[in-house]
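Colleague: Quick mapping for you: the protein sequence lines, in order, are chains A and B.
Under full-length UniProt numbering, read the first sequence as residues 1 to 594, first letter to last.
Under full-length UniProt numbering, read the second sequence as residues 1 to 594, first letter to last.
Hints were generated in silico from the structure; no laboratory data involved.
Hints may contain errors.
Any copy, or any two copies together, can satisfy a pair, since identical chains are not distinguished.
Unchecked claim - Calculated cross-link-like contacts (lysine-lysine; reagent style PhoX-like; alpha-carbon spacing at most 20 Å):
id	residue 1	residue 2
1	K584	K331
2	K466	K384
3	K469	K384
4	K44	K481
5	K74	K147
6	K335	K225
7	K335	K469
8	K48	K80
9	K44	K80
10	K497	K26
11	K48	K26
12	K384	K465
13	K497	K469
14	K44	K497
15	K466	K283
16	K319	K147
17	K546	K180
18	K147	K546
Number of protein chains: 2
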Amino acid sequence: MGQYTAPLRDMQFVLHELLDVENELKALPRHADIDADTINQVLKEAGKFCSEVVFPLNQVGDQEGCRYHDGVVKAPTGFKEAYQQYVDAGWPALACDPDHGGQGLPVLVNNALYEMLNSANQAWTMYPGLSHGAYECLHAHGTPAQKAVYLPKIVSGEWTGTMCLTEPHCGTDLGILRSKAEPNDDGSYAITGTKIFISAGEHDLAANIIHLVLARLPDAPPGTKGISLFIVPKFIPDEHGAPGQRNGIRCGSIEHKMGIHGNATCVMNLDGARGWLVGEPNKGLNAMFVMMNAARLGVGMQGLGLTEVAYQNSLAYAKDRLQMRSLTGPKAPDKPADPIIVHPDVRRMLLTQKAYLEAGRAFSYWTALQIDRELSHTDESVRKEAADLVALLTPVIKAFLTDNAFTSTNLAMQVYGGHGYIAEWGMEQYVRDARINMIYEGTNTIQSLDLLGRKVLGDMGAKLKKFGKMVQDFVEQEGVKEEMQEFVNPLADIGDKVQKLTMEIGMKAMGNQDEAGAAAVDYLRVVGHLVFAYFWARMARIALDKQGSGDPFYTSKLATARFYFAKLLPETAYHIRAARAGSKTLMDLEADLF
Amino acid sequence: MGQYTAPLRDMQFVLHELLDVENELKALPRHADIDADTINQVLKEAGKFCSEVVFPLNQVGDQEGCRYHDGVVKAPTGFKEAYQQYVDAGWPALACDPDHGGQGLPVLVNNALYEMLNSANQAWTMYPGLSHGAYECLHAHGTPAQKAVYLPKIVSGEWTGTMCLTEPHCGTDLGILRSKAEPNDDGSYAITGTKIFISAGEHDLAANIIHLVLARLPDAPPGTKGISLFIVPKFIPDEHGAPGQRNGIRCGSIEHKMGIHGNATCVMNLDGARGWLVGEPNKGLNAMFVMMNAARLGVGMQGLGLTEVAYQNSLAYAKDRLQMRSLTGPKAPDKPADPIIVHPDVRRMLLTQKAYLEAGRAFSYWTALQIDRELSHTDESVRKEAADLVALLTPVIKAFLTDNAFTSTNLAMQVYGGHGYIAEWGMEQYVRDARINMIYEGTNTIQSLDLLGRKVLGDMGAKLKKFGKMVQDFVEQEGVKEEMQEFVNPLADIGDKVQKLTMEIGMKAMGNQDEAGAAAVDYLRVVGHLVFAYFWARMARIALDKQGSGDPFYTSKLATARFYFAKLLPETAYHIRAARAGSKTLMDLEADLF
């Protein structure tokens, strides 16, 4: 049931009209040859693959789930075959290093691919998605020998990857993890412990699974400074690089969960499994953070993908479903009732989704472009600037996009009324799938603490000022133009308010760190809206310039921008008040009196 | 997994300290003999039944769901036996008319019973819950003969009831329903049509099921003025009142849905089923509204019940789960990490639930008391006043409590981190169950239109002024006391803002009805907060008076009141802005350009 068509027009708007990526990529020698047509062609093919191959498996994957028997996991019907088609078409290699068999396309193209894959089927997409994270981690931290053995197989998609962090007693708090790594005589390590919540930890899609496992060396200091990272392959590669001996890492069970049923969430038991150290001893968290940051952006794209597909379906339903008459008189007098899209609150539900969706796309594609600049711009200061912006905004992408996606998929479901609650229509699955994105890869509370504590207060606001400078430049450039007042004034206003709020919280947190903890979640939502207001103002600028073109796309864009400023940005009025209310009312009550 | 203990202490606080029900009931001859001890004893027994009999079936009901085979529906394991215990103990009769075998207790006691039943198991509770709705409808509109045949069986619980409104092409828009009722020679009608989403439409809990069905007479005018209500029993009572001939109403299938798996959501096919008219021809909607209003309050209690049980579990987890150190230094230095209740944002998540929960209880119990006054106060002006307040606030109970319950159950789940997403822990079920409450018995958008359009603007704000008067009286009485400033000032402020906002919207809506439709959802949230601010201020007054008693209950109550005013009430700053932003940005865009 349902439908998904890749939103190529809006993707092209963001890539070419908003971000001008063809020119931006010319400054990156690695990607200087890529033109807009090539990107469009790749995305068109990807969209076709997502609609035709991956999307039809979404509902069956949810209904069947994964099946576990005696250490073996079978993914739902069709998952394995679709993955093989994905591998055959070369999609895993899209943004990988040509030195290891990759196609060398920019991160931003891969990001757009992942938006579409997630729209089509989040549970399926997690199999290649985690592999790509493992690729990035090994590419950044593996030895040349490790890269030679593992990267070509992961790049081709023949093997998949996982990240094994969580243990039964620790998720957020990796400092207390217990898995042990004892050195073997041959330079490898014997790793023992239990990992839980390992997505794609065991399955039948690929010939081998490469686990990246956090564990402690015997002499490791306690806490996060005593954690090392290991490669633990399911099958140890033999001298020809083929899957050889079965390693002592096995799936003990899979979880029954609210959503993403098609992806196996595994308990992984390591019983003296052979592993090889990645990077420096006791520096495992640093190495893993490469993978976690990529994963956090990836989770943002999961949120975005679900928002898109839920919007498409609720929009189609709202045009089709006849129910009640418009309050201002019949709009379809020849029919027994009007289509529900005539009703103001149905429009509110649709436009909320649309406004979050399109700003989320602009923001996340822009961030992906910054990653490309960070990775390969010739000018070090540009690389540094891009890296700072990516570091600052990664928690915002993760938390703001996934919170908005939960809101949006719920609104999409609500548009369906009672039918939204029925599994057959497919809408409630989007809500259930979207829910995990607010939890894993660091809960959204953790993201907010990362943003406020580490990224903003940690450098006295230096990175935030870089983003603020972009906003300010835009405000100064556009603020003099009358037609932009309705966008620039509220943008300037929220920019000022963020600055003031940041200083206030910073001052209070110096005296009491709980003040940062108490304000963080509200603060992240305010910053998220600053970012969205900035991108909506920029998009409105383009739409104003082109609305005479006769293309109704720009009329729609402009109307959505106006809706955003009128109806969604005001949420900041709430969160600024809540953030300023401080920690006292949170912390006063003794735990026993709750 | 999980736990549920009836929150008797807080229920008693609301009933006796806040509402002083013993004295209030003395003014109602029908209930004048009931004292506080009796009520407490009934609630204690009910709580025990809920914890011990109904709650243990909650998770198994979710996992098993209902089974359909060839028109027969089996409820999950244990449901039938628990229902028999419920009947044997006389619970269905609690608030029913003694003339028909009822125990004649006030609505407010039944309301408290339903809070607990819903905490324990919403899906199970819908079986007796819908029966009680059918009881109320027949009690109000049935003929003496109909009452004599049906009410004793429904009151005893031997038979259950349903409401059959929705059809495949109409849910909200009953005006276009198609089911037909042709007169038979014997005074009955032959009813033909298809009804969907019929909760408890078929099951194995009771010997007979009494369906209340909306259908059209042959000469009925079109629209909502041509709908009549019929009793359609599954088995037609024979001359002894026992279930006799099988009637032509059959379950065609049951839905697979997001939650409330333990309750059968049925497609009911009527093929010339025999039915008997209830009330006047073509006045069926009026009669059904008795049932729908009761059902809307009932849905509010579903939201409240889920909020309570989810809060209890997330609180226990937050005290137990060790993860990270407090930002202000270790609080449990002897343990590997601190319990997560030390973290400000975990406390925000807990206190949000607690503040919504306790205000929701105060508000809904107070409303139930108004229903008792409406039904049996000796003074007609008191009955009228109470009826007006109930009419005004029914949509607020339904929508505000269920929206808050969805927020709250999601926060409870979030406290569990990744474990919250796993079915075994039981938290994600609360989210899935809570989701339907925002949809059925009139979506929350419909509730907001009922509030703003019919209840507020429909009488030029007369009913709203009655509630406003209560707020104003409290503000005048308490505003002079220094210790109450922190509560009374924001209460007075939101009271003024509601008044102003109502006038603004009213003015705009006179020119354009879409202005009401555009503002309604935001408006309902603002009114909901006015109500909650009022009850929190009243509860704070009591807690201030008694905090010297040494009972830490009042310390907790006061801290929760302060949290509410600091962190939740500010949400109104957002919704007032959004409501004032009007309809233009919603209505401008043509449907084809979305």
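Colleague: Now tell me if each hint is right for this structure.
Modeller: Right, here's what the structure says about each hint:
1. K584 with K331: between (53 Å within a copy, 17 Å between copies)
2. K466 with K384: Within one copy only: 11 Å inside a chain, 63 Å across chains, cut-off 20 Å.
3. K469 with K384: within (15 Å within a copy, 61 Å between copies)
4. K44 with K481: Neither: 37 Å inside a copy, 69 Å across copies.
5. K74 with K147: Close neither inside one copy (29 Å) nor across copies (58 Å); limit 20 Å.
6. K335 with K225: between (69 Å within a copy, 19 Å between copies)
7. K335 with K469: Neither: 54 Å inside a copy, 45 Å across copies.
8. K48 with K80: within (19 Å within a copy, 50 Å between copies)
9. K44 with K80: This pair counts as neither: shortest intra-copy Cα distance 23 Å, inter-copy 55 Å.
10. K497 with K26: Neither: 36 Å inside a copy, 55 Å across copies.
11. K48 with K26: Intra 28 Å, inter 72 Å, cutoff 20 Å: neither.
12. K384 with K465: within (14 Å within a copy, 61 Å between copies)
13. K497 with K469: Close inside one copy (14 Å), not across copies (37 Å); limit 20 Å.
14. K44 with K497: neither (41 Å within a copy, 52 Å between copies)
15. K466 with K283: The answer is neither: 29 Å in one copy and 66 Å across copies each exceed 20 Å.
16. K319 with K147: Classified as neither: same-chain Cα gap 52 Å, cross-chain 45 Å, threshold 20 Å.
17. K546 with K180: This pair counts as neither: shortest intra-copy Cα distance 61 Å, inter-copy 55 Å.
18. K147 with K546: neither (48 Å within a copy, 70 Å between copies)
Hint compliance for this structure: hints 4, 5, 7, 9, 10, 11, 14, 15, 16, 17, 18 are broken, all remaining hints hold.
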